[in-house]
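Novice: Chains as they are written, first to last, in the numbering used here: chain A, 1 to 459; chain B, 1 to 493.
Treat the hints with care, as some may be off.
[Claimed, not checked] For each label pair, taking beta carbons as the anchor points, the in silico distance ranges come out as:
| no. | chain 1 | residue 1 | chain 2 | residue 2 | range |
| --- | --- | --- | --- | --- | --- |
| 1 | A | A199 | B | D139 | 23 to 29 Å |
| 2 | A | E227 | B | R373 | 48 to 54 Å |
| 3 | A | E203 | B | R425 | 51 to 57 Å |
| 4 | A | Q317 | B | A158 | 51 to 57 Å |
[Unchecked claim] Facing chain B, according to a computed beta carbon distance under 8 Å, are these residues of chain A, among others:
| no. | residue |
| --- | --- |
| 5 | R103 |
| 6 | D107 |
| 7 | S151 |
| 8 | E158 |
| 9 | T182 |
| 10 | D225 |
| 11 | T228 |
| 12 | L265 |
| 13 | P273 |
| 14 | P344 |
| 15 | A380 |
| 16 | V384 |
Calculated from the structure, these hints are not laboratory results. For glycine and all other residues, C-beta sits at the position ideal for the given N, C-alpha and C.
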Amino acid sequence: MTLVRCRYVSILVVTLAIVGSVSLGGAVRPPKFDYQITTLDNGLTVILSEDHSTPIVNFQLWYHVGSKNEPPGRTGFAHLFEHLMFKGSHNVAPEQHLTMVARVGGDGNAFTTEDATVFFETVPSQYLPLILWLEADRMATLRIDQTALDSEREVVKEERRWRYENEPFGLLSEIVYDNAFTTHPYKHTPIGSMADLEAASIEDVQAFFDTYYVPENATLTLVGDFETANALQMIEHYFGRVPRAARPVPRDIPQEPPPGGERRLTVEADNWPLPTVVVAHPITYDGHPDAYPLHILSKILSDGQSSRIYRRLVYEQQVAVSAFGQGNIIEDPHLFYAVAIVQPGRAVDETASALIAELDRMRSELPGDDELQRAKNQFARDYVIGRMTNDQKASHLAHAAVIHDDVTTADGEFDIFMNVTKDDVQRVAQTYFRDDNRLVLTIMPRGRSGGGSLLRDSR
Amino acid sequence: MKRFLRVVLVGVVGVWSVSIPVAAQRVDWPTEDPPPPLLERDVAFPEYEIRTLDNGLQVVFVGHHEMPAVTVRLLVRAGASADPSDMPGVAALTSQLLDQGTTSRSAQEIAETIDSIGGGLIVGAGTDLSFINILVMKDSFDLALEMLSDVARRPAFAQVEIDRQRQQVLSGMQVSYDDPAYIAGIVFNRLIYGFHPYGMPHNGTPASAREIERDDLVTFHATHFMPNNAVLAVVGDVSADEAFQGVERVLGDWEHGQLPRLSRIDPPQPTRRLVIIDKPGAVQTVFRVGHLTLPRVHDDYLTFDLAIKILGGEGGNRIGGALRTERSLTYSASAELVGRQFGGDFTAMTDTRSDATAEVLRLIVDEITRLQRDRVSRRELGGAQDYLAGNFPITIETPNAIAAQVLEAILYGLDLGDLETYRERINAVTADDVQQAARSHLKPEMLSIVLVGDASTFVDDLAGVGFDRYDVVPLSEFDLTTPDFRRPAAARP
């Protein structure tokens with residue numbers, strides 16, 4: 001085997017020194033990442049971060065394609081395609097990818113979100129060449145055949161039944177998004193519908209592969225026990241030979257128009273043990289300056305037993321069995337939504353009013369200094385414990401590079417969060433938690449929506 | 001832009017002897033074998049330290065200084081299996097009340113304190129232990145220790161908080177009883193362990209959750225929460241001295257007590273039984289198949305665990321191959337060996353669409369029979385061994401994962417030296433050993449089988465695949481506490 005000469009010409013190297021932990025605004029500051037980022041001639045982005053504390057390496061390959069890239073009538077396709085990536089390539093027999101990874105003691109899998117499809121492996125570090133070889137092989141030469149499509153379609157249908165349909169409350173996000181969005185593909189979740197899975201054709205598979213599974217749409221991240229120069233040489237060898245795409249990757253996602261006023265509606269769902277109230281507002285995208293105060297706001301409302309929603313609805317008023325709120329801050333504007341599962345014996349309206357009242361308070365009053373500091377400390381905690389493993393570190397680096405198109409945000413966001421003020425929090429609450437963009441959705445167990453609930457669709 | 005490619009032409013057939021569809025090929029690509037590994041680095045089980053305080057509390061320390069966080073975990077050697085026999089759920093509710101107020105702090109003060117420092121506090125009970133976990137940034141280490149000591153030793157068990165948690169438990173059960181996976185799990189455990197405490201769910205039943213009184217919680221706490229019945233782990237960014245001195249400071253005066261003596265009935269011998277919990281309208285059937293087997297501490301445990309990994313674990317998984325890879329009948333199929341203190345079980349589990357239920361049941365039972373009957377191939381055994389031995393460095397990546405292995409060894413009384421020799425012991429197992437373990441410990445004729453799903457869609461198919469005796473219990477009449485899982489007729493609405 002001959003290694004291809006390493007090309008340093010196109011390499012943009014960003015090296016950041018590790019700094020010790022320092023206190024900032026009361027929160028403990030975790031160390032920064034030490035990494036290099038480069039782009040191969042074929043457009044593949046490569047991020048490398050050495051960590052020799054354990055002789056293992058985590059590999060992640062993010063393809064910047066998710067369920068929001070699916071055309072109408074093909075919901076669930078990006079995820080179905082992810083499954084097909086395990087169906088063999090030129091040098092790898094169907095289903096052998098994970099067997100070969102397991103055979104060296106490694107763990108691997110893949111997942112699909114609205115915005116990205118991620119393939120990952122963690123292996124003892126001496127097997128890095130094997131992983132690069134396996135992943136490059138399927139990027140370049142995926143086997144596409146009808147039998148694989150048909151069999152994997154059935155597996156994905158079982159996955160939908162298992163994860164969502166047969167699970168109590170399993171369809172929560174599907175119901176919320178379907179009712180909240182009209183136009184943007186965020187209207188559907190990555191699992192898609194049974195009918196659309198059924199409709200997927202072999203031509204769809206080929207077109208999706210040719211369009212999205214190309215080096216310039218991919219970001220390769222390695223964190224762990226390797227030497228950067230050596231790893232880069234191997235990456236050049238295995239991935240450098242994958243050709244550039246024939247045409248640019250399309251980014252034409254239909255955008256969501258603003259809602260035309262408040263909506264209150266009631267729907268029924270299967271496998272729904274208890275009445276549930278959802279209050280949703282459209283918010284902004286990941287990386288927008290308002291996204292940071294929105295994240296802090298979510299924590300004030302709903303992180304820990306002293307947070308407002310838990311304290312009020314679950315502990316004090318006992319109108320909810322469980323209640324939480326979260327900003328779904330992703331690549332395109334999505335939702336903030338709060339959910340309360342109604343305590344048996346309490347009225348749905350009472351729970352809905354209590355939930356709306358907590359969101360209203362965010363815009364009518366400044367949060368307390370103690371609440372703001374608490375939220376920042378909780379953020380810092382998440383930040384620290386979310387960067388313990390190579391896998392977690394690689395996820396943060398790749399997310400910054402792919403979703404923010406700026407790898408420096410993997411570290412830079414910490415200070416932005418620490419500088420959020422009470423005024424910022426109130427301002428974003430006033431910007432996004434408006435009466436005229438509110439959706440109040442009551443989800444009732446099927447056959448039990450009569451009486452005692454909110455008004456029917458009153459748009 | 002086109003890359004220059006070095007094309008190695010070996011032939012038109014891939015190394016795996018499968019023909020390559022031309023449609024997918026968008027590039028000339030070399031036909032080649034996987035590359036060889038690089039040089040392997042030595043790896044040993046990381047350092048840890050164990051000391052025992054004068055009052056009998058064992059303390060484990062695992063240092064890790066990359067991230068400024070510390071976890072303290074207290075494990076008390078009493079969980080749901082120490083519940084009074086007629087009152088399942090006492091251990092769980094006792095642990096749930098620990099952070100809901102102490103003699104000096106209200107529930108709200110505890111929550112405020114932990115949340116304001118960006119900490120995390122989790123309490124709960126497992127089968128054989130109860131736990132308190134507190135995570136903090138290193139600058140709050142002393143507070144974490146002090147809080148741990150307070151909630152472990154001085155819970156108030158205020159009636160108002162008991163009632164609040166009880167309501168949460170009951171509402172939670174209302175959701176759980178609609179969850180086919182939960183129902184399958186509790187019925188399976190009841191079948192395997194009978195009326196041994198392992199046969200009852202940790203959080204009890206709706207009836208027991210209503211009946212538990214404050215005295216039950218106070219008694220459980222007083223009986224089991226003592227330093228000589230507990231292990232404490234300090235994991236993360238503090239020094240060994242800070243850890244041990246801190247623990248001594250807050251828990252050194254915790255009074256040593258008399259260890260409880262518990263008498264437990266034995267679980268029943270395995271018997272063949274098929275129970276169907278009928279949930280009309282369910283789109284899938286949930287499967288649990290297995291029987292009573294080895295406790296965690298047993299000479300054959302490691303070997304039998306390898307056998308079960310071949311049946312349904314990483315590096316093997318015959319049932320995954322049969323159900324998913326070959327037939328697309330499920331998303332996930334697996335088997336595991338659960339070794340506990342006083343017994344254990346092996347469980348095969350999957351979910352499939354309702355109309356495939358009978359076919360899947362036959363396939364799973366056939367695989368269990370085959371494993372018991374036939375010697376495994378060297379290649380299959382090698383696959384499981386390679387995974388488990390090779391995976392070792394990944395299991396020691398984080399300090400908490402390291403501590404978990406040390407704690408498991410301490411709690412079950414395993415030899416701590418075994419942590420160092422895990423790979424050697426795995427690799428020493430032969431196909432003969434696996435066959436002997438499978439023959440001794442697998443009983444394909446004595447399987448307990450639980451199916452939760454829409455019975456009308458599959459019961460008529462069961463006789464055709466060899467299962468002509470079964471009980472069907474409508475979910476609406478389900479009662480975990482009766483021998484036949486049916487609510488007594490008088491109690492039905």
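Novice: All hints are to be evaluated individually against the structure, with a verdict given for each.
Specialist: Consistency of the hints with the structure:
no.	hint	result
1	A:A199 x B:D139: 23 to 29 Å	violated, 56 Å
2	A:E227 x B:R373: 48 to 54 Å	holds, 50 Å
3	A:E203 x B:R425: 51 to 57 Å	holds, 52 Å
4	A:Q317 x B:A158: 51 to 57 Å	violated, 19 Å
5	R103	holds, 5 Å
6	D107	holds, 6 Å
7	S151	holds, 5 Å
8	E158	holds, 4 Å
9	T182	violated, 28 Å
10	D225	holds, 7 Å
11	T228	violated, 14 Å
12	L265	violated, 23 Å
13	P273	holds, 4 Å
14	P344	holds, 6 Å
15	A380	holds, 5 Å
16	V384	holds, 5 Å
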